[in-house]
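Novice: Protein chains in written order, with our numbering: chain P, 1 to 313; chain L, 1 to 530.
A couple of the hints might just be wrong.
[Said to hold, decoys possible] Distance condition first, Cα-Cα at most 30 Å in a straight line; then the derived BS3-like pairs of lysine-lysine:
(1) Lys220/L <-> Lys172/P
(2) Lys180/L <-> Lys33/L
(3) Lys220/L <-> Lys238/L
(4) Lys64/P <-> Lys238/L
(5) Lys257/L <-> Lys268/L
(6) Lys172/P <-> Lys238/L
Calculated from the structure, these hints are not laboratory results.
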Amino acid sequence: MYKFVIKRILFLIPTILGVTLIIYAVMNITPGNPGQAILGTGVSQEDIDAYNEKLGYNDPFLQKYVRYVKNMIFDQDFGISYVTKQDAFTEILPRYLITLKLAFLGVFLSAIIGIPLGIKAAVEQYKLWDTIPSIIAFLLAAVPAFVLGLVMLFVFCGWLNVLPSYGIGSFKHYIMPALAIAIPPAAQNFRFTKSSMLESIRQDYVRTARAKGVPEKQVIWKHVLKNALLPVITQVGLSLGTLICGAVVAEEMFSIPGVGSLIVERINYKDEPVIIAGTILIAICFTLVMLIVDVAYAYVDPRIRAKYTKSRK
Amino acid sequence: MKKGISLLLALLMMTAVLAGCGDGGSGGQTGEKVLQMRLTSALQSSDWQATTLQNDMRITWVDVFEGLYGLDEANGGYYNLLAKDVAVSEDGLTYTITLQDATFQNGDPLTAEDVVFSYEKAKENSRFNYVTSFINSVEAQDEKTVVMHLDYPNSAIAHTFWTVKIYSKAEYTEATAGGKEFGIAGHTAGTGPYILKGFDATGADLEAYENYWGGAPNIKKVRYQVIADNNAAVIAFKNGELDYFPDVPTTEWEAVKAEAGENCQMVKANDIHWLAVNYLSPTNNGILSNPKVREAIAWAINKEACVMAATSGYGTPAYEYMPHEYVATAPDYTEGGFQTYDYNIEKAKQCMLEAGYTEADMAAGIPVGDIITYGDASTPRAKEAVVIQSNLAEIGLKAEVVVQEYAVIGPRMYSQDYDLAVFGDVGNYDFNNIRQQVHSESVGMYLINYAHEDSPFDWQMMEQLVADGIATADTNERKEIYTKLWAYVMDTDTILPILHTGNGAAWSERINVPSVCPTYYHISQWSWVE
Numbered sequence: 001m002y003k004f005v006i007k008r009i010l011f012l013i014p015t016i017l018g019v020t021l022i023i024y025a026v027m028n029i030t031p032g033n034p035g036q037a038i039l040g041t042g043v044s045q046e047d048i049d050a051y052n053e054k055l056g057y058n059d060p061f062l063q064k065y066v067r068y069v070k071n072m073i074f075d076q077d078f079g080i081s082y083v084t085k086q087d088a089f090t091e092i093l094p095r096y097l098i099t100l101k102l103a104f105l106g107v108f109l110s111a112i113i114g115i116p117l118g119i120k121a122a123v124e125q126y127k128l129w130d131t132i133p134s135i136i137a138f139l140l141a142a143v144p145a146f147v148l149g150l151v152m153l154f155v156f157c158g159w160l161n162v163l164p165s166y167g168i169g170s171f172k173h174y175i176m177p178a179l180a181i182a183i184p185p186a187a188q189n190f191r192f193t194k195s196s197m198l199e200s201i202r203q204d205y206v207r208t209a210r211a212k213g214v215p216e217k218q219v220i221w222k223h224v225l226k227n228a229l230l231p232v233i234t235q236v237g238l239s240l241g242t243l244i245c246g247a248v249v250a251e252e253m254f255s256i257p258g259v260g261s262l263i264v265e266r267i268n269y270k271d272e273p274v275i276i277a278g279t280i281l282i283a284i285c286f287t288l289v290m291l292i293v294d295v296a297y298a299y300v301d302p303r304i305r306a307k308y309t310k311s312r313k
Numbered sequence: 001m002k003k004g005i006s007l008l009l010a011l012l013m014m015t016a017v018l019a020g021c022g023d024g025g026s027g028g029q030t031g032e033k034v035l036q037m038r039l040t041s042a043l044q045s046s047d048w049q050a051t052t053l054q055n056d057m058r059i060t061w062v063d064v065f066e067g068l069y070g071l072d073e074a075n076g077g078y079y080n081l082l083a084k085d086v087a088v089s090e091d092g093l094t095y096t097i098t099l100q101d102a103t104f105q106n107g108d109p110l111t112a113e114d115v116v117f118s119y120e121k122a123k124e125n126s127r128f129n130y131v132t133s134f135i136n137s138v139e140a141q142d143e144k145t146v147v148m149h150l151d152y153p154n155s156a157i158a159h160t161f162w163t164v165k166i167y168s169k170a171e172y173t174e175a176t177a178g179g180k181e182f183g184i185a186g187h188t189a190g191t192g193p194y195i196l197k198g199f200d201a202t203g204a205d206l207e208a209y210e211n212y213w214g215g216a217p218n219i220k221k222v223r224y225q226v227i228a229d230n231n232a233a234v235i236a237f238k239n240g241e242l243d244y245f246p247d248v249p250t251t252e253w254e255a256v257k258a259e260a261g262e263n264c265q266m267v268k269a270n271d272i273h274w275l276a277v278n279y280l281s282p283t284n285n286g287i288l289s290n291p292k293v294r295e296a297i298a299w300a301i302n303k304e305a306c307v308m309a310a311t312s313g314y315g316t317p318a319y320e321y322m323p324h325e326y327v328a329t330a331p332d333y334t335e336g337g338f339q340t341y342d343y344n345i346e347k348a349k350q351c352m353l354e355a356g357y358t359e360a361d362m363a364a365g366i367p368v369g370d371i372i373t374y375g376d377a378s379t380p381r382a383k384e385a386v387v388i389q390s391n392l393a394e395i396g397l398k399a400e401v402v403v404q405e406y407a408v409i410g411p412r413m414y415s416q417d418y419d420l421a422v423f424g425d426v427g428n429y430d431f432n433n434i435r436q437q438v439h440s441e442s443v444g445m446y447l448i449n450y451a452h453e454d455s456p457f458d459w460q461m462m463e464q465l466v467a468d469g470i471a472t473a474d475t476n477e478r479k480e481i482y483t484k485l486w487a488y489v490m491d492t493d494t495i496l497p498i499l500h501t502g503n504g505a506a507w508s509e510r511i512n513v514p515s516v517c518p519t520y521y522h523i524s525q526w527s528w529v530e
């Protein structure tokens with residue numbers, strides 16, 4: 001098992017390096033330059049060129065990339081923001097934590113809403129507990145977060161005036177954005193759990209357990225749910241990754257100073273240090289989440305565990 | 001047992017997440033009256049030189065720092081601010097400036113050394129070349145007198161006096177010791193009426209400077225809160241969470257107006273949206289090099305439709321590069337003197353025929369390339385581009401609309417790698433600023449390269465008019481010269497003004513707002529309603 005975890009951790013290194021390379025390459029081939037974006041329209045080409053030179057923007061791609069990776073690894077230096085002149089990492093970190101907070105809250109809500117309902121719907125297939133949530137989930141899965149956010153904004157802030165419309169001052173500020181990003185994955189979790197449960201319910205081992213007289217509750221919790229949870233774990237992990245990258249809509253709508261909105265804002269200025277550092281941090285978090293998912297998978301699935309236990313022997 | 005542990009873990013996780021949701025308070029909620037303002041994104045910097053967004057500049061250029069002159073937007077001129085008196089030599093090359101008895105927010109008195117230092121800093125920054133390049137030297141004659149020598153007479157120097165803000169040399173030097181950047185935290189290095197206490201990703205906090213040389217502001221605390229989304233801002237205003245709502249989206253103006261009652265005003269913005277027609281474009285065998293095609297485009301544009309689409313009808317059709325109401329030296333279309341174009345499809349078609357195209361060509365569609373603009377599809381410029389596309393289709397010109405980020409579109413525009421471009425400019429307060437669009441030295445600033453080797457235009461004459469304009473201090477004479485210049489530009493049919501947007505502001509019943517400015521409001525002139 002340890003071997004599995006270490007192997008997956010080691011795999012993070014080429015993944016992150018790959019991400020930095022791709023981001024660097026993309027930033028390099030897109031038109032525009034930071035000098036132009038930062039200095040604006042009232043500046044001559046000569047000044048823009050000089051500014052770009054000062055930033056090292058005109059250096060060859062590989063030289064820039066190697067320098068960046070070297071600074072990142074050995075000095076934890078992600079560069080200085082072209083816009084605010086602050087250390088990119090220092091600028092991103094607090095925003096990154098806010099995004100993480102929002103994403104975890106969203107995933108938590110999506111899991112506690114979607115999974116129990118999915119289980120109940122599978123156990124009571126074709127009954128009200130299945131039909132009504134299925135219809136609602138079908139509808140909500142198709143509604144993007146920004147539409148949900150807008151509706152909530154108008155209802156809870158504009159109409160009822162019970163929740164704040166912007167900011168992160170208190171727990172109340174997080175309710176709407178978290179729900180806005182949680183509801184679509186909750187609907188997905190519901191559908192995933194339900195279909196996975198139904199698939200497990202029809203397996204031979206479940207029939208055998210029932211034939212042996214195992215109580216129905218135990219059949220569901222011990223035999224069906226444990227097997228049905230495997231794909232759900234992946235789904236929840238993926239939705240966390242998606243929310244870390246994709247909470248930007250909620251961030252923009254509810255004025256939450258997260259990393260997504262920062263990256264979007266800085267794309268306009270071609271603020272490479274911030275864009276690249278933000279993307280790398282997101283990639284690291286995403287790969288870490290995937291690592292946790294894989295470990296959880298191995299923990300839940302005895303087949304994977306057995307594979308590594310055997311190789312240890 | 002396992003279920004119990006799972007439940008406990010879930011509860012712990014929830015508690016941990018929720019416990020972390022209480023930080024980042026919005027500040028200033030202690031019962032003391034705090035003016036609630038809006039920022040659309042986090043403040044970039046507390047340094048006036050490093051702020052580029054209008055919202056940020058409203059803080060750093062007006063509240064925190066001050067220049068030698070202030071900007072009188074309502075009347076199109078300037079007024080003395082830190083300069084108590086300005087004397088100009090007969091040859092217009094030497095300015096002797098006597099300073100006000102002002103103090104910095106750190107308590108230090110304003111001295112000539114501070115002014116010299118600030119102008120040196122501005123001269124080092126290429127972003128401000130457009131207002132400092134003609135300054136030869138700035139010297140401190142005594143504690144309160146500054147002498148400025150120019151390379152050539154420049155009547156637009158008032159704009160320099162407004163643009164360049166004055167730092168406390170001592171505080172700036174101390175803050176930047178050891179290679180640190182100025183502007184990453186709050187400071188007291190300005191002479192303005194408000195001290196920037198701090199800022200972060202959620203907003204900025206300002207506090208009145210009680211010893212402000214112009215008198216302590218009535219409103220003591222100001223909280224600028226980042227509200228990125230327009231819908232959220234409208235709701236915040238309606239809920240009383242915003243005291244002043246500048247730049248109300250025109251699509252929301254009616255709703256905001258209904259809420260604000262008499263506490264709102266829509267003014268003409270000091271901006272311009274225009275269509276650049278690149279006569280050097282190779283598209284369709286250089287169709288845009290044909291002057292009659294360019295003229296056809298000028299007649300084909302329905303400015304009223306653009307105003308409706310882009311500003312919900314709150315803008316105004318544009319005929320000038322700078323609204324004459326705000327720029328004393330700007331040509332005034334109501335006085336004539338240059339060609340103006342209004343939607344006239346017959347004239348447009350006639351021009352196309354004169355350009356050598358037949359009715360059959362127009363019916364089949366004549367490719368004219370792309371109409372590029374920056375931002376996203378919801379911006380007024382993008383909406384205008386769509387209207388222009390359909391206007392051009394009426395005279396048989398086929399164009400595609402391309403809307404991309406400024407970082408992509410900007411360089412294309414400045415290197416003349418486009419066919420048609422919808423461009424926006426804002427905050428021009430002296431017509432000499434047209435130099436950036438018409439002068440050959442403005443490489444990287446202009447969209448039309450008039451001085452190109454294939455240019456059919458008399459660009460030398462244009463540049464001479466720019467030079468003549470700043471060589472005289474007589475406002476009427478300057479206006480006459482610039483009218484000649486603008487008339488020539490209009491005849492080239494390369495810069496086609498489309499519209500000036502509307503700038504709506506609404507405020508709560510808690511405050512008194514004496515007047516609404518198109519760009520820079522002055523919180524220090526506001527007061528709480530008793």
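Novice: Let me make sure I understand: some of the numbered hints might not hold for this structure. Which ones are they, in numerical order?
Specialist: 2, 4
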